[in-house]
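The chain contents come next:
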Amino acid sequence: MQTLQPKSAAEEERAPAVAPPALRRRARRIHGDMVLAVLVLSPSIIAVALFIYSFIGWTFYISMVNWNDILPDYTFVGLRNWLRLVRDERFQIDLRNLVFFAVPFMAQCIIGGFLLAALLDQHIKGEALFRTIFIFPFAVSGIVTGVAWRWLMQPETGINLLFDAVGLGFLKSQWYASLDYGMFAVSIPAAWQMSGYIMALYLASLRGIPLEVREAAQLDGCGTFALYRHVIIPLVAPVTFTAVVLTGMNSIRVFDLVAGMGGSGAAYATDTLAFNMFQMTFQANRFALGAALAAFMIILSAFLVVPYLRSIRHEVER
Amino acid sequence: MTLQLQRVWSRGLIYLALACAAAYFLMPIYVLMITSLKPYTDVNVTRMWELPRGLYFGSFAAAWGMVAPNFWNSVIITVPAAIISSLIGSINGYIFAKWRFRGADTLFLLFLVGMFLPYQGILIPLVQTLQVFRLYGTLAGVIVVHCIFGIPITALMFRGYFAGVPGELMEAARIDGCGFFGIYRWILLPIALPAFAVVLLWQFTTIWNDFIIGVIVLSNPTRAPVNVAVQNLAGSFTVEWNVQMAGALIAALPTIVVYLALGRLFMRGLLAGAVKG
Numbered sequence: 001m002q003t004l005q006p007k008s009a010a011e012e013e014r015a016p017a018v019a020p021p022a023l024r025r026r027a028r029r030i031h032g033d034m035v036l037a038v039l040v041l042s043p044s045i046i047a048v049a050l051f052i053y054s055f056i057g058w059t060f061y062i063s064m065v066n067w068n069d070i071l072p073d074y075t076f077v078g079l080r081n082w083l084r085l086v087r088d089e090r091f092q093i094d095l096r097n098l099v100f101f102a103v104p105f106m107a108q109c110i111i112g113g114f115l116l117a118a119l120l121d122q123h124i125k126g127e128a129l130f131r132t133i134f135i136f137p138f139a140v141s142g143i144v145t146g147v148a149w150r151w152l153m154q155p156e157t158g159i160n161l162l163f164d165a166v167g168l169g170f171l172k173s174q175w176y177a178s179l180d181y182g183m184f185a186v187s188i189p190a191a192w193q194m195s196g197y198i199m200a201l202y203l204a205s206l207r208g209i210p211l212e213v214r215e216a217a218q219l220d221g222c223g224t225f226a227l228y229r230h231v232i233i234p235l236v237a238p239v240t241f242t243a244v245v246l247t248g249m250n251s252i253r254v255f256d257l258v259a260g261m262g263g264s265g266a267a268y269a270t271d272t273l274a275f276n277m278f279q280m281t282f283q284a285n286r287f288a289l290g291a292a293l294a295a296f297m298i299i300l301s302a303f304l305v306v307p308y309l310r311s312i313r314h315e316v317e318r
Numbered sequence: 319m320t321l322q323l324q325r326v327w328s329r330g331l332i333y334l335a336l337a338c339a340a341a342y343f344l345m346p347i348y349v350l351m352i353t354s355l356k357p358y359t360d361v362n363v364t365r366m367w368e369l370p371r372g373l374y375f376g377s378f379a380a381a382w383g384m385v386a387p388n389f390w391n392s393v394i395i396t397v398p399a400a401i402i403s404s405l406i407g408s409i410n411g412y413i414f415a416k417w418r419f420r421g422a423d424t425l426f427l428l429f430l431v432g433m434f435l436p437y438q439g440i441l442i443p444l445v446q447t448l449q450v451f452r453l454y455g456t457l458a459g460v461i462v463v464h465c466i467f468g469i470p471i472t473a474l475m476f477r478g479y480f481a482g483v484p485g486e487l488m489e490a491a492r493i494d495g496c497g498f499f500g501i502y503r504w505i506l507l508p509i510a511l512p513a514f515a516v517v518l519l520w521q522f523t524t525i526w527n528d529f530i531i532g533v534i535v536l537s538n539p540t541r542a543p544v545n546v547a548v549q550n551l552a553g554s555f556t557v558e559w560n561v562q563m564a565g566a567l568i569a570a571l572p573t574i575v576v577y578l579a580l581g582r583l584f585m586r587g588l589l590a591g592a593v594k595g
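First to last, the sequence lines map onto chains A and B. Take 1 as the starting number for the first sequence in our numbering and just add one per residue. Take 319 as the starting number for the second sequence in our numbering and just add one per residue.
Hints were generated in silico from the structure; no laboratory data involved. Every residue gets a Cβ at the ideal spot worked out from N, C-alpha and C, and that includes glycine. Fair warning: there could be bad hints in the mix.
Partner residues are not named here, just some residues of chain A that face chain B (Cβ under 10 Å, in silico) [to be verified]:
no.	residue
1	Ala37
2	Ser44
3	Ile52
4	Leu98
5	Leu119
6	Ile143
7	Glu156
8	Gly263
9	Ala267
10	Tyr308
Calculated pairs, EDC-like style, for lysine to aspartate or glutamate (alpha carbon to alpha carbon, straight line, at most 20 Å) [said to hold, decoys possible]:
no.	chain 1	residue 1	chain 2	residue 2
11	A	Lys172	A	Glu156
12	B	Lys416	B	Glu486
13	B	Lys416	A	Asp33
14	B	Lys416	A	Glu315
15	B	Lys416	B	Glu489
16	B	Lys416	B	Asp494
Sequences are here, hints too, so could you generate the full structure?
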C-alpha cells in the first residue's frame, strides 16, 4: 500500500510520529551500529573481566586453600592463611612500614608539588625548563631511581658528604640502613619521582582559576598568604583529593624502588607488603599465604579507589 | 621605592627557590653521569661529587656488555606492546565516547578499576593463566600482558580526546553513509594523531619502565627486560659502582630521550591520566 517516495529531511521532521521508512531505515542502521560497537568492544570486556575481575576473585580463593608448597593443593582451609598472616611478624612490620612510608611520601608529594606549582604560577621566565626538570623523574623507572639513590644514600658518602661539607653534619643519617627510619629514606626517592606529577596537576588547576577571583580577593584586602589560605587552597581541593588517592595507591604498591635499593634490609626495615608478597609467593612458594597478602593489598586499595571512582562518576557520565 | 625593592627581593627569592628545587631534581642524574664516566679507581667515597678527570667510557662498555641482550628484549617488548595497546585504546575510546549504549558509563568505570589495581593482586592467577596458554617465560606473553593491562588507561585517554569531537560531525558523517567503522576511519582517525602521540608516549614509558611483570613472567635472566637486568647488576656485589651507574643510565636513556623530545605531550598524558575529580 505504501508508495516508496523519497522524502525530504524537512518532511521527516514535520511528522516524526509516523516514522517514514527512510527514518526507520536510519534508526535501524544506528541500532545495528550500536550492536557492532558492543561487539567490537567485547574482546576488551572479556579481557578485563578475565584478567582483572576473575583474577581478583581467584586470588581471594587461593588465599583460602592449602597451597603453601610448589605443587598446587586446593584443599579449602577457610581463613587459616589469613590468621597466620595477621600473626606474622614480618607482616606486622610491613604495616608499620606502610605508615612510615605513606605519611612522609604523601606529605612531600602534596606539599612539595603544590609549592612548586604555586612558584611556577608567578609568571616565571623559563617556566617550561623548570617544568621539564621537575617532571622528568616520572619518566625514570623505579629501578633506576633506586640504584641512583642507593648510591646517594650510602651512609659513608653521598648526601652525608654534602651535609659535612656545608657544616650540617648533624643531619647525617644512616638513611635506608637505619633500623627505625629506613622507610622514611625510601620515601625520599619515591617523592622525587612523583612530586613533579603532582605539581603538574596543581599547575593545571591553578591556571584554571579565573583572574577575577584573585583580584576580588585582593580588593577585599587579602595578602598573599591569606589569598592562598582562604581562596586558592580551597579551590584546588579536588586536585588535593586526586593527589591523596594517587600517592596513597603508590604507597600500597611500593615494589620497584625497594628492589632497586637492595631489598627489605636488616630486620625488614625497608620491607613492604608488595615486596613481601613477591618473596613469599615466588621465592618461598607459599602461594596461599602470598595470595592472602595480595588480597589484603586489594582490600586496602579499595578504600582509596572506591571513593575516587564515586567522585569522578558525575564527570564520567556527562 | 621600598615597595619596588620588596618586589625585587621576593622575585629573587622565588627564582632562588626554583633553582634549588631544580638542583635537587637533577642531583641523582648528575651523580649517575659523573660516576659512570669515571674508572673504578676514581670511584671513591670521599670524592663522590667531583667531576671525572677525563671522559672514560669503559664503564659504559662493560655495562653494555652485560645488559645489551636485555636492552633489545625491552625494545622487542615495548615497541609492539605500545603500538597495539594504543590501537586497542583508540577503538575502545571511540566506542566509550561516541556509542554510549546502555550501561556504557558503568562499564567504563569498571574498566578504570584496572588502572588502580596493585599488580600483586593478580600475579598468581596471571602466572597460572600464562602457563596454560604456554606464554609463560616468553616475550610474547609479556606483550600480551602489557596490552591487556593497558586497556583501561588507553581507553581513558582516547575517550577524553574523542569526547571533544562535536556530535554534528558524527551526524553529518552518518548522513553521508558512514557506519561504525566509516566514522572511525574517516572522521576520527585523521584527527587523532595528537592523541596517538600522547598515548604511545605514555605506554612506551610505562612498559619500558616496568619491572614487576618482567621479573615475574621472564624468570630466565637472558630473556629479562633491561630494568630487571639493571636490578640484577645492582644486587650483585661483584659489579663495580661505576658499571652499575652506567647500566642504570643505559636503561633510563630511551625514556629520558623520548621525554626530552616530547615533554609537552608527556605533560598532557599526565593530565589525561589523572581524571581530575
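Violations among the numbered hints: 4, 9
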